[in-house]
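Taking the hints into account, I'd like the entire structure generated from these sequences.
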Amino acid sequence: MVEVRLDAVSKVFARSGDPAVDEVDLTIRDGEFFTLLGPSGCGKTTTLRMVAGFYFPSSGRIFFGSDDVTRQAPNKRDTGMVFQNYALFPHLSVAQNVGYGLKTRKVRGTEAKRRIDEALEQVHLSGYGARRIDQLSGGQQQRVALARALVIRPRTLLLDEPLSNLDAKLREETRLEIRRIQREAGTTSVYVTHDQAEAMAMSDRIAVMNGGTVQQVGAPEEIYRRPANRFVATFIGRSNVLSLPVVGAGPEQVEVAGPDGVTLRAAAPEAHGLSESATALVSVRPEHVRLTGLDAAGSLSATVVETEFTGMSTHVTVDLAGTPLHVAAVQLPAGLTTGDTVGVVLPPEHLWVVRP
Amino acid sequence: MGGPAVSVRTEPDAVTSAETPAAASARRLRSGAVTGSRWFPYILVLPLALVLWGYIVQPMLATFSESVAENAGDNYAGFFTAGGVARQSLINSILISVASVVLCGVVGVAMAFLLRRFQFPGRGLIEAIILVPAALPPLIGAISFQLLYSETGILPRALQQLFGTEEPVLAVSGIAGVLVVHTFTMYPFFYLAASAALRGLDPSIEEAAYNLGASRLRVWRTVLLPMLTPAMVSGALLVFMTSLASYTAPLLFGVDQTMTMQIYINRTNGDMPLASTYASVLGVVSILFLLAMRWYEGRRSYRSLSKGVASHRREVTNPLGRWLAMLGSLAGVAVLLAPVATIALVAFSRDGSWTTQVIPSEYTAENFRTIFAEPRAFEPILNSVTISAVATAGIIVVGVLIAYAVRRLRFVGRSLLDIGVMLAWALPGTVVAINLIAAFSTGNAFSFGQVLVATFWIMPLAYFVRFLPMVFRSTSAALAQIDPALEEAARNLGASWPRAFLTVTVRLVLPGVVAGALLAFVHGVGEFVASVLIYTSQTEPISVAINNSMYRFEMGTAAAYGMLQVVLIFVVMLVSGRLENGRSSRSAREATQWAG
Ligand SMILES: Nc1ncnc2c1ncn2[C@@H]1O[C@H](COP(=O)(O)OP(=O)(O)O)[C@@H](O)[C@H]1O
Ligand SMILES: [Mg+2]
Numbered sequence: 034m035v036e037v038r039l040d041a042v043s044k045v046f047a048r049s050g051d052p053a054v055d056e057v058d059l060t061i062r063d064g065e066f067f068t069l070l071g072p073s074g075c076g077k078t079t080t081l082r083m084v085a086g087f088y089f090p091s092s093g094r095i096f097f098g099s100d101d102v103t104r105q106a107p108n109k110r111d112t113g114m115v116f117q118n119y120a121l122f123p124h125l126s127v128a129q130n131v132g133y134g135l136k137t138r139k140v141r142g143t144e145a146k147r148r149i150d151e152a153l154e155q156v157h158l159s160g161y162g163a164r165r166i167d168q169l170s171g172g173q174q175q176r177v178a179l180a181r182a183l184v185i186r187p188r189t190l191l192l193d194e195p196l197s198n199l200d201a202k203l204r205e206e207t208r209l210e211i212r213r214i215q216r217e218a219g220t221t222s223v224y225v226t227h228d229q230a231e232a233m234a235m236s237d238r239i240a241v242m243n244g245g246t247v248q249q250v251g252a253p254e255e256i257y258r259r260p261a262n263r264f265v266a267t268f269i270g271r272s273n274v275l276s277l278p279v280v281g282a283g284p285e286q287v288e289v290a291g292p293d294g295v296t297l298r299a300a301a302p303e304a305h306g307l308s309e310s311a312t313a314l315v316s317v318r319p320e321h322v323r324l325t326g327l328d329a330a331g332s333l334s335a336t337v338v339e340t341e342f343t344g345m346s347t348h349v350t351v352d353l354a355g356t357p358l359h360v361a362a363v364q365l366p367a368g369l370t371t372g373d374t375v376g377v378v379l380p381p382e383h384l385w386v387v388r389p
Numbered sequence: 014m015g016g017p018a019v020s021v022r023t024e025p026d027a028v029t030s031a032e033t034p035a036a037a038s039a040r041r042l043r044s045g046a047v048t049g050s051r052w053f054p055y056i057l058v059l060p061l062a063l064v065l066w067g068y069i070v071q072p073m074l075a076t077f078s079e080s081v082a083e084n085a086g087d088n089y090a091g092f093f094t095a096g097g098v099a100r101q102s103l104i105n106s107i108l109i110s111v112a113s114v115v116l117c118g119v120v121g122v123a124m125a126f127l128l129r130r131f132q133f134p135g136r137g138l139i140e141a142i143i144l145v146p147a148a149l150p151p152l153i154g155a156i157s158f159q160l161l162y163s164e165t166g167i168l169p170r171a172l173q174q175l176f177g178t179e180e181p182v183l184a185v186s187g188i189a190g191v192l193v194v195h196t197f198t199m200y201p202f203f204y205l206a207a208s209a210a211l212r213g214l215d216p217s218i219e220e221a222a223y224n225l226g227a228s229r230l231r232v233w234r235t236v237l238l239p240m241l242t243p244a245m246v247s248g249a250l251l252v253f254m255t256s257l258a259s260y261t262a263p264l265l266f267g268v269d270q271t272m273t274m275q276i277y278i279n280r281t282n283g284d285m286p287l288a289s290t291y292a293s294v295l296g297v298v299s300i301l302f303l304l305a306m307r308w309y310e311g312r313r314s315y316r317s318l319s320k321g322v323a324s325h326r327r328e329v330t331n332p333l334g335r336w337l338a339m340l341g342s343l344a345g346v347a348v349l350l351a352p353v354a355t356i357a358l359v360a361f362s363r364d365g366s367w368t369t370q371v372i373p374s375e376y377t378a379e380n381f382r383t384i385f386a387e388p389r390a391f392e393p394i395l396n397s398v399t400i401s402a403v404a405t406a407g408i409i410v411v412g413v414l415i416a417y418a419v420r421r422l423r424f425v426g427r428s429l430l431d432i433g434v435m436l437a438w439a440l441p442g443t444v445v446a447i448n449l450i451a452a453f454s455t456g457n458a459f460s461f462g463q464v465l466v467a468t469f470w471i472m473p474l475a476y477f478v479r480f481l482p483m484v485f486r487s488t489s490a491a492l493a494q495i496d497p498a499l500e501e502a503a504r505n506l507g508a509s510w511p512r513a514f515l516t517v518t519v520r521l522v523l524p525g526v527v528a529g530a531l532l533a534f535v536h537g538v539g540e541f542v543a544s545v546l547i548y549t550s551q552t553e554p555i556s557v558a559i560n561n562s563m564y565r566f567e568m569g570t571a572a573a574y575g576m577l578q579v580v581l582i583f584v585v586m587l588v589s590g591r592l593e594n595g596r597s598s599r600s601a602r603e604a605t606q607w608a609g
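Taken in sequence, the protein lines are chains A and B. Going by the numbering used here, the first sequence opens with residue 34, and the numbers climb by one from there. Going by the numbering used here, the second sequence opens with residue 14, and the numbers climb by one from there.
Incorrect hints may have been included.
[As the list claims (entries may be wrong)] If you only want the chain B side, here are some residues facing chain A, beta carbon under 10 angstroms, derived:
id	residue
1	S217
2	Y223
3	G226
4	R229
5	R231
6	V232
7	P239
8	E328
If you're looking for bench data, these hints aren't it; they were derived computationally from the structure. Where is the CB? At the ideal position from N, CA and C, for every residue including glycine.
What follows is the structure in structure tokens.
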């Protein structure tokens, strides 16, 4: 149980010139469940593997508490890793897999047996100890991998997309389980995923990554409500981002000129640095845009381009003064079809200025 | 050497692993849907079963009855009396085989690790030529090692001159010589198996062990070695079987007391019952190993559960390491290419000009002119090509049909058919020859009442038995990759069974069949082990001509014949590589493995 700190960590793989991970600074608090979230290829795995010690950073330092582990061998780091493909030893039984790390730590005999049983019980696999790995389902294998990483009581738990090989329903059940077990153990955990729903549901804090750099670090709600830049806004929940001219700027808010000569007020980060006649990027989430009649107060007129019924809501794409705008509507104005003109309301409390 | 047609088995799991995608439909197809007739399979299978019985199983039984016909007690008692030749031969054969397994295991696994796990200057070149020594035809391969490393060999004499000593330096002879030949020609069994296992090994499993705190040594002991065990066990079984069947190496290095040599010696002395006794014992041991291998393969192997994560080769970075690696690579290349280079060099030497010099002193292209222009010298070439072509024709027909029956039809005794072919593969060439002599020294139903011994026909028959498994295997592997639904689609569109079979299935397996057939043909052209027991002066094949030239000290002529075989095998390797393009170049690899 320890704080993990990455200090300007970069990784350049020999052949390609671009760094896979570029000057990443992160502090993962003691006992925290911390997620690296980002699209495929953004450097999440590389970052995690540097924490595990499978890659050494090209520059920068990594600390576990006050220990500098930057160049320490992976077998000396005392981390527990859950691999994407589980990496269970196919020639060992379930119990032997779980006991592997105990053996390397010279925990033997009844103590080892007790801890293996305990770990298996924790992942609801009591009685499966003698099974061979190929006699388990994907979900069970996943839990063995988790038990194997936890039984050694590692300083940090590292998980690389551990749920990506499970089907949707099992994924949701398992993420709750992982979180429950992690809370009980209180282990500092770094979790890698490209699935934002998973990250939102599980994490204490999230680092959103893109192109090898960290875009934003924050609690799920903060990242959702206050995305730092266009990338985070569109990656999390597919926000609409409108480029609008600034007509008035104050601390923590700006006024922009919308279509139809309407002035819109949007919240902005403290040091937004925008002044009159600059262009602001205003984000608004599809679920916050309201469709109304044309006569409603403060409504802008738009043309319906496409509607798609998804069950819980209907996704409507409208054309707002030449810009496509995505709307998730729970209830549609009766008889709405493609080509209709509708009123669109952008509620000021949900408008937020993001950086480019 | 002298052994089973090992080539077809270099990747024991290739067939089974290729099976999966089409397996379900294959099951559907076997249930008789193809032809609509429940009896159809038997009409096809009966003649095939008769062929296997008549030319493989029945001859084996004939050998056994020959061995017990008169004073059986004495014949077999020899294996149990201390100090006897029989007992000593069995012990020697087993000891040589065990030593070969150990040596090949060390060399093969080390090479696999080196080439799979490290990046160093020269790695690519070594990997490209690593199978060259094993690709040589059995006799010419053994001769090249003799010319290189024996007391009269190039290396010991060169060292002798270099150091000015009385005696050749580092010369190998006797059993040591046999072991050198075995190591160079059989380590690919371990190399290929270990290399494939390492490639299939998911690197994250190793990482998981490090993550859990294991040291490098512990990862080796608890993860890598256990996961490589299946590969090493099948490599060991193959090397053991092949060494046991080895005939040319003991022949050239004069180790008389081995099983294969005793068969040869007793047959040559006219003691057919005793030769049959040795052949029976060797045959039974080989079959036991075959069964052991089938049993072991039936168990699961630790294939990686996941794919796509490339393991990275560790770059050798420190300058001293790079220099050493470079020197090592150069030495490796020299050692790997030396046998072929020696044969090529000697092929251009004047007969009789090489006596005590390090390398021959006079060079000429005369030898090649002789073997092509002189009718008597050209005859062995003609014989080999004719015999091999006749045998290959039969192999294609029977091999393809058996493969089709085993893979695609459902009938009682399917696995017996499979085992029949495997038997042909497991029997040493020497034993195959003795079996045919025992069975066809009088006429029987399968020879249409004719005596075959000392006729032309016993030659292609022996080649047929020895190399049938090659076409069977390659066809079988090709069939496994074709979804039977394709044939069903043709049927659905109105094609009759023969038409569907010809236009779809045959067309698609053709590259596999051709690759297997080419392989069988070149193995026929290089065949020595069985031929030497059954040839007559009219049917003398190339390898026997080489052997006889060596006895007359006409090394240039012998090597010139050898070069023909060598060129042919490398051409075929290239062609089959092309044929199998897209798939792994499995035939090419198989072609590199000779039945010595
Ligand atoms: N071992 C490696 N050698 C070279 N490039 C690599 C290696 N591992 C990852 N990369 C590259 O680094 C970038 C980040 O990869 P990765 O960390 O695996 O992304 P993620 O896990 O976020 O999908 C990618 O462009 C990838 O191609
Ligand atoms: Mg990844």
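Tell me if B/R229 is really an interface residue toward chain A, meaning its C-beta lies closer than 10 angstroms to one of theirs. 8 angstroms, holds
Does the CB of B/G226 sit less than 10 angstroms away from some CB of chain A? 4 angstroms, holds
Please verify that hint: B/E328, Cβ, nearest Cβ of chain A, below 10 angstroms or not. 8 angstroms, holds
Minimum Cβ distance from B/S217 to chain A below 10 angstroms? Holds, about 4 angstroms.
Does the interface hint hold: is B/Y223 within less than 10 angstroms of chain A, judged Cβ to Cβ? Where the cut-off is 10 angstroms and the nearest Cβ of chain A is about 4 angstroms from B/Y223, the hint holds.
Just to be careful: measuring from the Cβ of B/P239 to every Cβ in chain A, is the smallest value less than 10 angstroms? Given a least distance of 5 angstroms, the restraint on B/P239 holds.
Min Cβ distance, B/V232 to chain A: is it shorter than 10 angstroms? Check passed: Cβ of B/V232 comes within 8 angstroms of chain A, closer than 10 angstroms.
Quick one, is the B/R231 hint okay against chain A at 10 angstroms, beta carbons? Nearest chain A Cβ about 7 angstroms off; hint holds.
Of the numbered hints given earlier, the model fails none.
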